[in-house]
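2 protein chains.
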Amino acid sequence: MSAERATEAGLVRLARRLAARSGGTGVRVGIGDDCAVLDPTPGAALIATTDLLLEDVHFRRRWAEPADIGWKAMAVNLSDIASMGAEPRWALVALACPAGTRMEEVEAFYAGALALAERHGVALVGGDTSSSPHGWLVNVTVLGETPAPPLLRSTARPGDVVAVTGPLGRAAAGLALLERRAAPRGLNPGILADVTAAHLRPRPRLEEAGWLARAGGVTAMMDLSDGLATDLGRLAAESGVGACVELERLPVDAATRAVARAVGGDATAWATGGGEDYELLLTCAPAEVERLRAGLPAKAGARLSVVGAVVPGPGVRWLDSRGREVAVAAGFEHLSSRTAAGARR
Amino acid sequence: MSAERATEAGLVRLARRLAARSGGTGVRVGIGDDCAVLDPTPGAALIATTDLLLEDVHFRRRWAEPADIGWKAMAVNLSDIASMGAEPRWALVALACPAGTRMEEVEAFYAGALALAERHGVALVGGDTSSSPHGWLVNVTVLGETPAPPLLRSTARPGDVVAVTGPLGRAAAGLALLERRAAPRGLNPGILADVTAAHLRPRPRLEEAGWLARAGGVTAMMDLSDGLATDLGRLAAESGVGACVELERLPVDAATRAVARAVGGDATAWATGGGEDYELLLTCAPAEVERLRAGLPAKAGARLSVVGAVVPGPGVRWLDSRGREVAVAAGFEHLSSRTAAGARR
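Chains as they are written, first to last, in my numbering: chain A, 1 to 345; chain B, 1001 to 1345.
No lab work stands behind these hints: they were computed from the structure.
Misleading hints may appear alongside valid ones.
To spell it out: a stretch of chain A is covered by chain B in this simulated footprint if at least three of its residues, at any positions, have a beta carbon under 8 Å from a beta carbon of chain B; those stretches are [said to hold, decoys possible]:
id, region
1, 31-38
2, 76-84
3, 115-127
4, 144-158
Only a predicted model underlies this, so the values are computations on that prediction, with no experimental measurement involved.
C-beta atoms are modelled at their ideal positions from N, C-alpha and C, and glycine is treated no differently.
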């Protein structure tokens, strides 16, 4: 059966079977009716986010397997939920793939998405399927909840520090390798696997975000999807403040530096402009840093690094090791440059 | 400014400006942060649906303007919400369009979507934007609520009648005209405008569905997106029953018959297999029909027509005017045949 061509009826049966296994709570009616019927937690705010992933914009089939596509489409949405300090609960997955796609590929896609969803207690409750005239495309919507006020990007205050929850530039290093036809000579295979996984299978910082939200003291938070330069610019603009970042303080790990050396890339540019690291970007009072750093769950490389400060003026300034202002690589815009590393909100 | 190329930043600004105007209630944080933050109505069930519309699968740019695409992407989701007897509240719109798309086209797309959303009190609260390597594509997610138990497709009972809320085959007649390079000779321009609008700008039966849900007596309901044959088959299968339809009772209006004559089409086949009429398909006890017919709001051609009966066995049987069982045109499957009239759940 697994080599059969995907049909819409087959896809719905498959999604339904997988959804029934996916667990989660608060699902009165799941896949199989016109809509999902869900039971929200009384008193909790409802959190909603949606993200589109397109072949040859956000990924290439040459290096992204269906399971990777499913994982990442789920991950980028879960990361948005994490950025509010909320708990993800329900997912709707819309998938279009080309005529001739095999059921086993579609099953692998759902398996990738559900492997991550189940880890975080998220139920697959709905979706849509279609043929696609050109390549794979996925839209995932995730609904979450939070009993506490969500953390926003619009509430940073001058005097706060700017911090991130883990290393930057890893996903860009991974993309640089994935986009090459052959691995560069001399690069450790472990490093190659490590950074390409960072690109293909990002891990949303849900546990860390939940802890930070409960710990208190975080004044603003968002996730790093489009790179620090773009995303910190957004956080500053939404908060009506400016920010100042010391490039030397950016957490760039040894693997990312090794890849930069091997391919002639710029690790700092990847850290500021590469995007898709899905670390949390947050602000807090300087006095809170040690408490938050000490308490942050330290899984999967999470570590709170202060990279700069919130200042009154508009805009983000970048300082080199001598304190001189420099220009940095920023993210890209989808509609003006086609790229395999897409801009995400 | 309107002739400028669409950029991601421009799209986000545009969506935000339009969202701020779009009204709706229960929106604590809308477009501009990582997620929307919404305040559900205490005690209400949350209803969620998502639908993908792709160029050259669900529409062609040759005959669908950006405003039509926006309208229809919203309409098909609102129709899903209607089918549960629920009230739509919030929408997330993900849009990808080709490089070179002008801001005025994107603005027209949102205007089309919001014209319908605003009519039903639905707020635009989030979304995503991307470039597309191949054509326009849209994913809309709509969240609704209902304080009462939602109407399902899985609860029809043998002995019930099968009824629809309006004429069938109109959207297929419209598609048949849109797909032609030139209008057929002798067709009244009013009829042409009427049926093409049925395809391009379907009107979700929200008011009618809300009335039916409150009136009581409806045992099962869904919306007709993929055609009566496919959708009644689904309703029957989900309910563990069969159905029997008398073809003579299908409500096919004069405009649809006129188009069928003009283009050599089969109006009955359009009614059973054309899809995209977005009328409600429902079941109820025979004794309830007159009360429901008399009370149903009679706007935009809505009229309750009994077309058949729910029976014990599995499957749907179709009877001609002499009571003989006949085969009918059914809907299509996306992944096995590429068509401009897409299958919708």
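Outcome of the hint check:
1. Counting residues of the region 31-38 of chain A whose C-beta sits closer than 8 Å to any C-beta of chain B gives 7, which meets the bar of three, so the coverage hint holds.
2. By the rule of at least three residues with a Cβ nearer than 8 Å to a Cβ of chain B, the coverage given for the region 76-84 of chain A holds, with 4 such residues.
3. With 3 residues having a beta carbon nearer than 8 Å to a beta carbon of chain B, the region 115-127 of chain A meets the requirement of three or more and the stated coverage holds.
4. Residues of the region 144-158 of chain A with a Cβ under 8 Å from some Cβ of chain B number 5, which satisfies the need for three, so the listed coverage holds.
Comparing the model with each numbered hint stated earlier shows that all of them hold.
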